[in-house]
Amino acid sequence: MESEGTDDYETLISTTDADLLKRSWRNEKAAPEILQFQSSLVQRSREQIQLMEETVEELIANDEDPLTVSLYQMDIDRTLFLLRSYLRTRLQKIEKFMFHIQKAEDLWARLSRQEQKFAKQSIEDLKTHLEQSVLSKLPDRYQSHLKQSVISEEADMGIFFYLNCTYIQICMFANNLISMFS
Amino acid sequence: MYGRKASQLLKEFVSGEPGQLTGFNNDVFAQVIEECDGNILHLQALLRKMQEEGSNNQTNKNADHFGALVHHLSLVRNKRCLMAYVYNRAEVIQNLGWTIKHADLPAAVKEKLSISENEYFGKHSSNLQSYMLDLNLDLAVDMVPPKDPYIKVRVLEEIGEVLLSDQIANLAMHSILFLKRIDAESFISQGKMEELTS
Amino acid sequence: MGQYHHDIDDILADEELVPAVFLEAVNGVGLFESNDTNRVEPRSKVELPFWLASELHLRHVTSVTIPPCFGKKTQEEIGADGAHVDLRSRCSYFYELGCKIVQLINEKTIGSLLLVAFQTRYKEVLIKAHTSASALAPKYLSLLTKEETKLYEAAKSSTEAFKTWRMGGPRFQKASVLGRKRKPVRE
Amino acid sequence: MSGQSDPRGSAFSAAELEFLAEDEMIEIVPNLRIKPLSLICGDFGPFQPQIPTQVPIWLAVALKKRGKCTIRPPDWMSVEKLTQVLEAERDSASSFEALPFHYVEISRLLFDHARDDVPEVYMVRSLIEDIKDVRFHKIGTGLEKLSSRTYAMKLNLSAMEVNVIRPFVTGSLETFYELTAPEIIQESQREEYRRPQTADRGPRRELRR
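Taken in order, these protein sequences are the chains called A, B, C and D. Throughout the first sequence, residue numbering follows the numbering used here, covering 24 to 205 in sequence. Throughout the second sequence, residue numbering follows the numbering used here, covering 19 to 216 in sequence. Throughout the third sequence, residue numbering follows the numbering used here, covering 1447 to 1633 in sequence. Throughout the fourth sequence, residue numbering follows the numbering used here, covering 5 to 213 in sequence.
Please keep in mind that the hints were generated in silico from the structure rather than gathered at the bench. For clarity, every value in this text was computed on a predicted model and none was experimentally measured. Take these hints with a grain of salt, some might be off.
[Claimed, not checked] Simulated restraints, written as ranges between beta carbons of each label pair:
#1 C:K1519 with B:R22: 23 to 29 Å
#2 B:Q49 with D:D134: 55 to 61 Å
#3 A:S63 with D:Y126: 48 to 54 Å
#4 D:A102 with B:A190: 52 to 58 Å
#5 D:E84 with B:S148: 55 to 61 Å
#6 B:R66 with C:K1519: 47 to 53 Å
#7 A:L43 with B:N44: 48 to 54 Å
#8 B:F196 with D:D79: 33 to 39 Å
[Said to hold, decoys possible] Over the 10 Å line for every Cβ pair with chain C, so calculated as not near, a few chain D residues:
#9 R37
#10 I38
#11 P50
#12 P53
#13 K72
#14 P77
#15 S82
#16 V125
#17 S130
Backbone N, C-alpha and C fix where the C-beta goes; we use that ideal spot for every residue, glycine too.
Next comes chain A alone, as it looks inside the complex:
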């Protein structure tokens, strides 16, 4: 939806890390799926924030006029907001599609090491929660996490085979028919 105009303009002016961080933040917020983690950009942005915070401390130490100090502080706040919102947006997306991301290798590879650790823990916590709340209370054939594929081939196979097979197989088949139902 966004008009193309803004992107060309941005590449024209000297792109600072702040611009690159803003663009990554915008792309991450607009994209439905998780994008590649910008580790070097995040690293550089943190260093610059660190540096700027030290500068502000120095300014205060040499009792620079409060106006300049607050301008530097506002600049830090803006970059810090972008960084926090970028990381938070990603984490919330990981939470929302954790099972999907875990299964898709290419998506899993887009996560930072810490995000992967967070995702593994989230999946484990949610599975335990579902286990305790629902699965453990169901009849044992129905306790698997896997989506209950109602038309799963094996269950069907068991039923159709049962209907068409001759009498002889019925006895042999019936006892493992129950196991097919889960």
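Got chain A sorted already, so can you dock chains B, C and D onto it with the hints?
Just chains B, C and D, lined up with the frame of chain A:
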């Protein structure tokens, strides 16, 4: 009709305001589990009947078999509804976890959660905390783009003397102060302060 | 577990009742309100929730027929004045159930009915949501299906959010789950 | 949080769009001397009294709030230019007059913080309100034509306009996408309703067989 109680659970959940949490409906939840227990009993009884009867009455056997199928389908349906109920409530808990730590959750909200949900909320909070510790960066603040570093707030509950990032402030009831945005954010989100826009 | 698997609207759409005729006898099921588990005779007609009717249909245990809400009468009314037909009372998951029925019994005329209905009605939803005052005649809202209501609310909330921003309300809010937001005092 | 964007709704909250708009450059006339600022987002200044200079809007507003400068409104914010835009908007039914991508946010920021720096501010304000209303109305009618035939909407909308209609448009396209799926509608009828290609669908909701 099979599955009706289970869908009642979900209808109750969607009728609540989005982002709001209604109490965990233990009664209906238990009734659905009961229905599942009933389903499995009938299912196994019908299968045993099929085994004993052998082949002398094929049409009767099919009827038994289809009865077993119906109970199986009802079980699967109930399972899907229960999982969706707990899963969707867990998503509300996840969103909530971004604004409030489980430890700070008022009792009135904790009562709405099942035992397992409270446990899950606690684990979610600590998982979030450990991620932020790994990064050494607090992500639960700065939810709203920054304006002036300071915002004007009114204290709504007696909080008393508090060490803030830039000052020691006496957060007395009804007092109006200029606080650093980052300090005020968590108090506001817990409803202990409100922002004033002059 | 698939994300879509927990979509409550899809699950509730499966709860809608559809007419079905039994082709086979079935033992040991309490399909009718009387809870004594008994036998269902072939050719008995019953309304079953779609989740059950569709699975039995696939196995030729029942035969599902077109629910009335997709029949001639609705087609004519939609054709005449689509925007003001009370679809919610006929089937609150009109579009979702319609798609499921079409795929189950391959009745493609329903497909075009769904498309024409949505096309004529979604413009009305758009206009009402973006322009009208917030106190909208509830009568109109009561006509909308679940999907249309979600569209209306999406448009409504983004317009409201724009107006709130324009008025410059306080930027920090109490966490919504802690109940009613306190009325911010206008300075 | 009113400021936070709702994941399912529009991608950005209005406050976040305003945040983006605050990085747009604007001209100010400082009334004091300040040493050059080498900020993370770039270098600005030196600031000398009465010498115009370009700064991001957030910096201009910060200085203005503390009475340290006056702000020169952008060229498009003049009564003359806006009147032309309004007339053009009213005449041409569909195409939108090129206003800056963040014109809604920028005008609001200046009305809130630099009202006295905007000549004929009441006239400018009402012109911008009228332009916004005309455009929102046009978006409405434009959307009506969003039948399944015309998906691509060639309207160069502004950031705020895109954001307000995004939830509705993505929702409608999603439904059109499902209703024109091959399993749902006959081949013959489908020809008149071309399938939406532009909808960014993400994982498609498979309709269970």
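Status of the hints after comparison with the structure:
1. C:K1519 with B:R22: 23 to 29 Å: 28 Å, holds
2. B:Q49 with D:D134: 55 to 61 Å: Once the Cβ atoms are compared, 60 Å apart, the range 55 to 61 Å for D134 (chain D) and Q49 (chain B) holds.
3. A:S63 with D:Y126: 48 to 54 Å: 50 Å, holds
4. D:A102 with B:A190: 52 to 58 Å: 54 Å, holds
5. D:E84 with B:S148: 55 to 61 Å: 59 Å, holds
6. B:R66 with C:K1519: 47 to 53 Å: With a Cβ separation near 48 Å, R66 (chain B) and K1519 (chain C) satisfy 47 to 53 Å, so the hint holds.
7. A:L43 with B:N44: 48 to 54 Å: Distance hint for L43 (chain A), N44 (chain B) holds at roughly 51 Å.
8. B:F196 with D:D79: 33 to 39 Å: Since the Cβ atoms of F196 (chain B) and D79 (chain D) sit about 37 Å apart, the hinted range of 33 to 39 Å holds.
9. R37: With a cut-off of 10 Å, R37 (chain D) remains clear of chain C, as the shortest Cβ separation is near 33 Å.
10. I38: 28 Å, holds
11. P50: With a cut-off of 10 Å, P50 (chain D) remains clear of chain C, as the shortest Cβ separation is near 33 Å.
12. P53: 31 Å, holds
13. K72: Consistent with the label, K72 (chain D) stays out of reach of chain C, its closest Cβ about 23 Å off (over 10 Å).
14. P77: 19 Å, holds
15. S82: S82 (chain D) clear of chain C: closest Cβ-Cβ about 22 Å, beyond 10 Å.
16. V125: At roughly 17 Å from the nearest Cβ of chain C, V125 (chain D) sits farther out than 10 Å, so the non-interface label holds.
17. S130: 15 Å, holds
Against the hints set out earlier in the document, no violation occurs for any number.
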